[in-house]
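Colleague: Protein chains in written order, with the UniProt record's numbering: chain A, 1 to 318; chain B, 1 to 340.
Simulated from the structure, these hints should not be mistaken for lab results.
Small disclaimer: the values here were computed from a predicted structure and weren't measured.
We put the beta carbon where it would ideally sit given N, CA and C, even for glycine.
Do not rely on the hints blindly, as some may be mistaken.
[Unchecked claim] Reference excerpt, derived from the structure (chain B facing chain A, CB under 7 Å, subset only):
| # | residue |
| --- | --- |
| 1 | 25 |
| 2 | 126 |
| 3 | 132 |
| 4 | 133 |
| 5 | 136 |
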Amino acid sequence: MSEAIINIKNLTKIYDDVPAVEQLSLSINKGEIFGLLGPNGAGKSTTIFMLLGLTEPTSGSIKVCGIDSTKSPLGVKQRVGYLPDDLGFYQNMTGLENLLYTAQLNGISREVAEKRAHHLLNQVGLEDAIHKKTGKYSRGMKQRLGLADVLIKEPEVIILDEPTLGIDPKGVRELLHLIKKLNQEKNLTVLLSSHHLHQVQQVCDRVGIFVKGKLLAKGTLNELALQLFGNDNYVVHVEANPITERLLNEIKELPEVTYVNQITATSIDVFCKKDITPTIAKKFMDDEIELSNISKKNYGLDEIYHRYFEGRESNETA
Amino acid sequence: MKLPNLNKIMERFQSTEKKESNPSVFWSIVRKEFTDYLTSWRIIILLLIIVLTCVGSLYTVIVTIKEALDATEQAKEIAKDSHLFLKLFTSSDGSLPPFITFVTFLGPLLGIALGFDAINSERNKGTLTRLMAQPIPRDYVINAKFVAALLINVVLFFSLGFLVMAFGILLLGLPITFEEFIRIICFLSLCIVYIAFWLNLGILFSVRFKQAATSALAGIAVWIFFSIFYNMIIDFISKSYLEAVTSAEEMVNRQGVLLNLMRLSPNYLFSESTTTLLSPEIRSLGPLTMEQTVGALAGPLPLGQSILLIWPQLTGMIAATLICFAISYILFMRQEIRTN
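Whenever a hint applies, use it, and build me the whole structure from the sequences.
Modeller: Written as structure tokens, this is what we have:
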């Protein structure tokens, strides 16, 4: 049975009469990777700031590692590593010096700090840039140094605010891989916020969708998909030439199909209750139509996310 | 039953250890800021300018005094009683302004240069959030920056002052009296307070303005206002204000009003107090009527009396410094850390 390491209850933060976070309740278990998803300005960063005790909540309570963030932020900050989204380092200091300075601020002795810093810099793949000034680091290198910087105090929880922002795909993959590895090896709890869905999808155990200060849904990806899409669980994407009217009607009449969405003249999406990819493929084969692509779409976060935003936008315009 | 006792002791030990670890964290921030200042070109250039101008003015003074001393035997006797050492700081041969003029003029610039980007550069570079995510109290950041900049000043002015004294003794061959020594120490401390005022003004602007350029310009604007325009404005006012004066008493009153207006400027407070400290023969800072001076013996004031004379100026300057710091402290503590 896993215990909750972050416990948020009825958290509300109001900036100038506008609620940035509203009645947020969330608990994150020890050792899990939780993804906080949402568009810019949804209140993700505000929530993180309140977790660290950098901003005072208007009402509600937050406990991190059993410590109240609002009353004793120092205790929380000793146990929590935070990687901000607009990460910066002292440019005229080398990567190593920056890490050692952070270690000093955490009251870690010089010898221990040096040992840890070298180990971490190796781990994040910056062993060649140890003595390079951080002013000359690339964005991806800075992000990796940031991760080392977060880990030097050996935290129980790490909070990453948009960790993949502005890094190339390869860098993102490596970074996420590293996060996953750390999570498994050290049983670190990871809370990461992002608006990049695919990336989060790869590593998160659970996600929460955060829009306009409210947590709309949370759970594993499957749970979310089920919550949202109900019965239309499968989508089969077909590309073929030509797609005849007769064939379309035939597919529509299949008992498992709920509806068919024609995207272009040569491609359709078939929404169905069961996985009937073979049946559909067979239909095309029987008609001797050139079938160039048939694939089953998984509901990724993209769709989940889109559904929420579509819902939100239609509410707004209404 | 012994074990819990031991645990309690251990606990107490650990808690005191934790409390003691905080100051060391504070000093490591100070150390880092201090190193930053010493390695930044901006400060190096300013320090060089200040050191060079001061050394230049001192050198010319020493040369002229030395010539005067060597001229006659009598001069040496007179010199012993007339606080010649203090003249090193206040007089000049006309080619270069004296030491105190340089300090009055360049000191504020140094203070502003040390303070103007203290907070906003951290914010713009994104290091502030990272710093605030470490287990340090928020005020450590602003306090440490202030202390580090102040340390730079202390080191600079005391080393300059002691160098001057050493050169004075070596080149003039005159021993320094204890009173002169104390007066010089007081003068150096006064310089530090004065620069601390400008430093705090810089820090205040750095908290208030998000852009470093804005806060630098605001600081320099205040500096130029007080060092150039304020005098002009007072001159302008005094012309019309003193025109239709009928009695001597009224004249004295009005002069007093003008003087108090002048004293709103930190530069004026500073120059009043430094000249009083370094020229013991000054016995009043306000207007003196003939009746008051009649019968007075011309002679230097003792140190205690000089300090008494500038006590209001001194407290005024310290108060202004503290007010600036308090405002920036409060602003910083209440400010949102997030950048956007």
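Colleague: Now, for every hint given, state plainly whether the structure supports it.
Modeller: Verification of the supplied hints:
Satisfaction of the interface hint for residue 25 of chain B is found here, the shortest Cβ-Cβ separation to chain A being roughly 6 Å, below the 7 Å cut-off. The interface hint given for residue 126 of chain B is met, as the beta carbon of that residue sits about 3 Å from the closest beta carbon of chain A, less than 7 Å. Interface restraint check: residue 132 of chain B against chain A, minimum CB-CB distance 6 Å, threshold 7 Å, status holds. With its C-beta approaching chain A no nearer than about 4 Å, residue 133 of chain B sits inside the 7 Å limit, and its interface hint holds.
Annotation: residue 136 of chain B was flagged as interfacial toward chain A, and the flag holds, the nearest CB pair being 6 Å apart, inside 7 Å.
The structure shown violates none of the earlier numbered hints.
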